Amino acid sequence: MITLSSDFGSPYPAAMKGVVLQRTDARLVDVSHAFPRQDVRAAAFWLREILPYFPPATHLVVVDPGVGTDRAAVAIEAGEHVLVGPDNGVLLPAARVLAGDAEAATSDADDAIRVHEISYENAASSTFHGRDVFAPTAAEIHESWAADGTVPDAVDGVGDVTPTDEFVDLDLPEPAIEGDAVRGEVLVVDDFGNAITNVPGYVLEGLDEVHVDGRAVPAVETFAEVPEGQWLATVGSHGNVELDVNRGRGDEAFGVEAGDSVRIEL
Amino acid sequence: MITLSSDFGSPYPAAMKGVVLQRTDARLVDVSHAFPRQDVRAAAFWLREILPYFPPATHLVVVDPGVGTDRAAVAIEAGEHVLVGPDNGVLLPAARVLAGDAEAATSDADDAIRVHEISYENAASSTFHGRDVFAPTAAEIHESWAADGTVPDAVDGVGDVTPTDEFVDLDLPEPAIEGDAVRGEVLVVDDFGNAITNVPGYVLEGLDEVHVDGRAVPAVETFAEVPEGQWLATVGSHGNVELDVNRGRGDEAFGVEAGDSVRIEL
Amino acid sequence: MITLSSDFGSPYPAAMKGVVLQRTDARLVDVSHAFPRQDVRAAAFWLREILPYFPPATHLVVVDPGVGTDRAAVAIEAGEHVLVGPDNGVLLPAARVLAGDAEAATSDADDAIRVHEISYENAASSTFHGRDVFAPTAAEIHESWAADGTVPDAVDGVGDVTPTDEFVDLDLPEPAIEGDAVRGEVLVVDDFGNAITNVPGYVLEGLDEVHVDGRAVPAVETFAEVPEGQWLATVGSHGNVELDVNRGRGDEAFGVEAGDSVRIEL
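Protein chains in written order, with this note's numbering: chain L, 1 to 266; chain U, 1001 to 1266; chain Y, 2001 to 2266.
I should point out that these hints are in silico values taken from the structure, not numbers from a laboratory.
Accuracy of the hints is not assured; some may be wrong.
Restraint-style ranges between C-beta atoms, simulated for each label pair [unchecked claim]: (1) Y:G2201 x U:D1171: 36 to 42 Å; (2) Y:P2163 x U:L1207: 39 to 45 Å; (3) Y:A2154 x U:D1191: 57 to 63 Å; (4) L:R27 x U:P1055: 15 to 21 Å; (5) Y:D2208 x L:Q22: 32 to 38 Å; (6) U:L1207 x L:A216: 22 to 28 Å; (7) Y:G2009 x L:G79: 35 to 41 Å; (8) L:R215 x U:E1178: 46 to 52 Å.
If you want the footprint, here are the derived chain L segments under chain U, 3+ residues with CB under 8 Å [what the hints assert, rightly or not]: (9) 38-44; (10) 84-98; (11) 234-247.
A quick note: this is a predicted structure, and the numbers were derived from the prediction, not measured.
Where is the CB? At the ideal position from N, CA and C, for every residue including glycine.
Using the sequences and the hints, build the whole thing.
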């Protein structure tokens, strides 16, 4: 099974699928091609939340603002999974969870993952690495991995695959305790307008109300506990605090977007 | 085969697919993840129109404004199909058609469908039942149904599955005859801006023109019969009267949205 | 393998998939259902760029402003591929490339493709040929083609399939040399806002700057060579000149949309 993730919209992902299907009969599953454009951190968050629900698979990821520069390409072995994508950190948070390091999921201990650099001196284009570098690499790694659990030494038409200890890392930001408050950050806004923060959900335990940037907000378990149009703080399916509006857009009501700081008084 | 339908946009459906694929190798087919948000009736309409074109399948449906409340979860046997989703009526119009009750498709006679309640006391989250309740249930029901045509007694990690006669029903609204006019309702607006009503198409038979809310409108078989930008009434692929504009948006031209009443003088 | 392409958005493509899966177990791959609405030329461009990356397949294409009129339906044998869709030219540029005529890809020599007309006198609806004509036809042609490399004489529930020399053609427009300038045309704007022209990329070779409609613009290999927000001309993954903005929308910066003429001074 190969999953596909990108910020390409449509129809570019189809070219990647064609290339993959030239080299393997694997099942293809789209994770998303609507990730926020060129937002490596948002994609890293979503992949960390979603890929662990999959059975063993090869995960092809292309959110790649550095395409055309000399940024490297990597494949990462993580438990029973392999991830393939640009060397910009987008794969790391998910890789650490897939490798079983779910509690910490930080860069402190990386015994569980193995990184390979993919040279791509034979690839056709400098502008569409999704199609010309990552798609053929994911297909060939999938075939090799499914056959005998190894990553190949080279990918035909792309280049060599070499183990490496050097790669670009990315840790999603940690919230900071400030007395009886938490200073966190909006990691991503989902399609519903829910502003998903990096603040762990347990801080809301036992609370009926918090103050978000000074404004009193009900802390609830479900949207249905407040009237339509009412803002709220709740714990999303990912386990983090979300700032939402019942049947409305939390990002607009709270005036926040991805990357903004938020202070939650408990 | 398992079909998936929701109002989740992207990327949440991918988590559901991962969970399903942990439990079955079935083919997955997306019906839509762009149903109008939390609009149970619109989803019920689309499912009734589209699912009957599929071969025997398990249909996973999550349009669920009551998630997090104590609304029940149900599975419905309907002919050679099974539907799985929230107990809010969204499955019923499609279930009745799939069970062969295509003519009436109302709640008057339900000998042909069998409803099961899915308890979910073992499910992980209260906010993402699509992933934690409906996805594993659809996967296990699919496996059981494909093997021997039965619905299982319980779903691992979710809860018991019990036959029931009590469920939330939903009949799509019926149009009313008013002399030589029909009072109907816009059920849904599609991506083209076509306003699809509940008025059966046969009322347009033999007519060149109707009056919609007092305005004279050509009644045509195809858009191409009127100039670009011209409004029209026609019979859509679903068999109902649509209010459209040739290469434009019918909803804007007629000033209607889902739920609005329309009066068509014949 | 059957690919699906349309301008239908959601959820209409699902009805096509259901119909296809009633008749075949083939793998289904979406190319796009977000092609610019009723823009035959844009779809023809995208199909020509993307379909050649696929292994041998049947390609179901529905971009069909003439649905409901008496326009014909066609199937085209092209190399190891078959294309099925409306007789409006949308299939031709891709067909010529798939048949191996990649260099010219014009209508001058068509020995390599074989066109069949699909009569559809038995089809159910006059408004949804995607579901009632093209989907069953693609499924049955796929089955026949995969079995013995032939196109069937008739499609059950649709009508006869007959070889023909008459079909609607479509050549994508060619750019014109005007002294040391090229007059081209914007073929399509992609989801990123990149304005893709019909001007071949080699005209930028060795140049640092061009003038587009009189405005000086850097000619670069990658977006990263210019600051964020800066306009640029580059060669896209399709080999043509694109007018772009680094992390912005080229169509808005250059004030162009599909069909507009552009003059590039070299």
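| field | Broken hints, by number | value | 1, 3, 6, 9 and 10
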